[in-house]
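Participant: Sequence:
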Amino acid sequence: MAAPRNLTPKDEEKAEMDSPAAKKLKSERYPLSRWGLAVALGSFLVFSAALYCIYSKMLASHFKNIKLPRSLTDLRMLKNHLGSYAKGHPAQFILGYCSTYIFMQTFMIPGTVFLSLLAGALFGVVKGLVLVVFNATAGATTCFFLSKLIGRPLVCWMWPEKLKLFQSQVAKQREKLLNYMIFLRITPTLPNIFINLASPIVDVPFHVFLSATLIGLVPSSYIMVRAGLALGDLKSVKDLYDFKTLTVLFFIGSLSVLPILLKRKRTYQ
Numbered sequence: 001m002a003a004p005r006n007l008t009p010k011d012e013e014k015a016e017m018d019s020p021a022a023k024k025l026k027s028e029r030y031p032l033s034r035w036g037l038a039v040a041l042g043s044f045l046v047f048s049a050a051l052y053c054i055y056s057k058m059l060a061s062h063f064k065n066i067k068l069p070r071s072l073t074d075l076r077m078l079k080n081h082l083g084s085y086a087k088g089h090p091a092q093f094i095l096g097y098c099s100t101y102i103f104m105q106t107f108m109i110p111g112t113v114f115l116s117l118l119a120g121a122l123f124g125v126v127k128g129l130v131l132v133v134f135n136a137t138a139g140a141t142t143c144f145f146l147s148k149l150i151g152r153p154l155v156c157w158m159w160p161e162k163l164k165l166f167q168s169q170v171a172k173q174r175e176k177l178l179n180y181m182i183f184l185r186i187t188p189t190l191p192n193i194f195i196n197l198a199s200p201i202v203d204v205p206f207h208v209f210l211s212a213t214l215i216g217l218v219p220s221s222y223i224m225v226r227a228g229l230a231l232g233d234l235k236s237v238k239d240l241y242d243f244k245t246l247t248v249l250f251f252i253g254s255l256s257v258l259p260i261l262l263k264r265k266r267t268y269q
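In terms of the UniProt record's numbering, the sequence shown opens at residue 1 and continues consecutively.
These are calculated hints, taken from the structure and not from any lab test.
Note that the Cβ used here is the ideal one computed from N, Cα and C, for glycine as well.
Do not rely on the hints blindly, as some may be mistaken.
[As the list claims (entries may be wrong)] Only pairs whose alpha carbons sit at most 27 Å apart, straight line, appear in this in silico BS3-like list of lysine-lysine: (1) K67 / K244; (2) K176 / K162; (3) K176 / K67; (4) K176 / K164; (5) K127 / K235; (6) K127 / K67; (7) K238 / K162; (8) K67 / K79; (9) K148 / K162; (10) K127 / K148; (11) K57 / K67; (12) K79 / K127; (13) K162 / K172.
[Said to hold, decoys possible] With beta-carbon atoms standing in for the labels, derived distance ranges: (14) H81 / E175: 12 to 22 Å; (15) L51 / V126: 40 to 50 Å; (16) L229 / D74: 15 to 25 Å.
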């Protein structure tokens, strides 16, 4: 029997780093691999470069004063500043607006609620609603595919228990999955960011995800666009989702799962 080889401190350190426990700890600290991080960073840089090219085409006097609104005060200033530009250069403004919204939705950057309010303030209910629903759906779609590519370790790291619950519910509602996904989109049961990231991981088909997003975002988008018309009277973003509004959203959402409940009732009878 061969005598055990003496390990140097360097070898011992390497063996310890390669142990299963060390690898698990490393994955908990850094959920994305180098390849995943490279894809995420590369996508972010490509989107950022495209966004900069779009904004650089705008008039210099308007471009230098543009910033993402972080409060209602910022939003009112932005509305006053961009109102004349939106009327004089509608195509360029809509291109910049859509690109910004999709960029923020794709990379989970907070603030799309302010852009939804801005759409109502500048374009009214009908045009504003079309813009918001289109951009929110497009941004959710790009987020879906990005998560499908590299999102699994990130979602498992951020929301492990919520992901398990979502996966079990999707499996239970597989026959009426579209109704269930519409319900989630309409109601604030789960954050939209989580739904965008987790859906490809729990095997929600893309056509179901797309249809549910397109339909389910209409009620909440309508509320925000309508609120944008009275931007001067709005005191806080929290006022958008008071008890009455939440009750209406849950009522509308319950209509989408009504076929599921009726089917279960017939089964038990």
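Participant: Each hint should be assessed against the structure and marked as holding or not.
Facilitator: Outcome of the hint check:
1. About 33 Å separates the Cα atoms of K67 and K244, which puts this hinted pair outside 27 Å; it is violated.
2. For the given pair, K176 sits about 21 Å from K162 by alpha-carbon distance, which is consistent with the 27 Å threshold.
3. Pair hint K176 plus K67 does not hold up; C-alpha atoms about 42 Å apart against a cutoff of 27 Å.
4. A hinted pair counts as satisfied when its Cα atoms are at most 27 Å apart, and K176 with K164 qualifies at roughly 19 Å.
5. Of the supplied pair hints, the one linking K127 and K235 holds, its CA atoms being roughly 24 Å apart against a limit of 27 Å.
6. A hinted pair counts as satisfied when its Cα atoms are at most 27 Å apart, and K127 with K67 qualifies at roughly 23 Å.
7. Between K238 and K162 the CA atoms are separated by roughly 24 Å; this keeps the pair inside 27 Å, and the hint holds.
8. A threshold of 27 Å between alpha carbons decides the hint, and for K67 with K79 the separation of about 11 Å falls inside it, so the pair holds.
9. As the CA atoms of K148 and K162 are separated by approximately 18 Å, the hinted pair is consistent with the 27 Å bound.
10. At roughly 32 Å between alpha-carbon atoms, K127 and K148 are farther apart than 27 Å, so this suggested pair is violated.
11. Only pairs whose Cα atoms come within 27 Å are accepted, and K57 paired with K67 is accepted, the gap being roughly 16 Å.
12. For the hint pairing K79 with K127, the CA-to-CA distance comes to about 16 Å; that is within 27 Å, so the pair holds.
13. Simply put, K162 and K172 have alpha-carbon atoms about 15 Å apart, close enough for the 27 Å limit, and the pair holds.
14. Roughly 51 Å separates the CB atoms of H81 and E175, a value that falls outside the hinted 12 to 22 Å.
15. Distance hint check: the CB atoms of L51 and V126 are about 27 Å apart, inconsistent with the given range 40 to 50 Å.
16. The supplied range of 15 to 25 Å is met by L229 and D74, whose beta-carbon atoms lie about 18 Å from each other.
Of the numbered hints given earlier, the model fails hints 1, 3, 10, 14, 15; all others are met.
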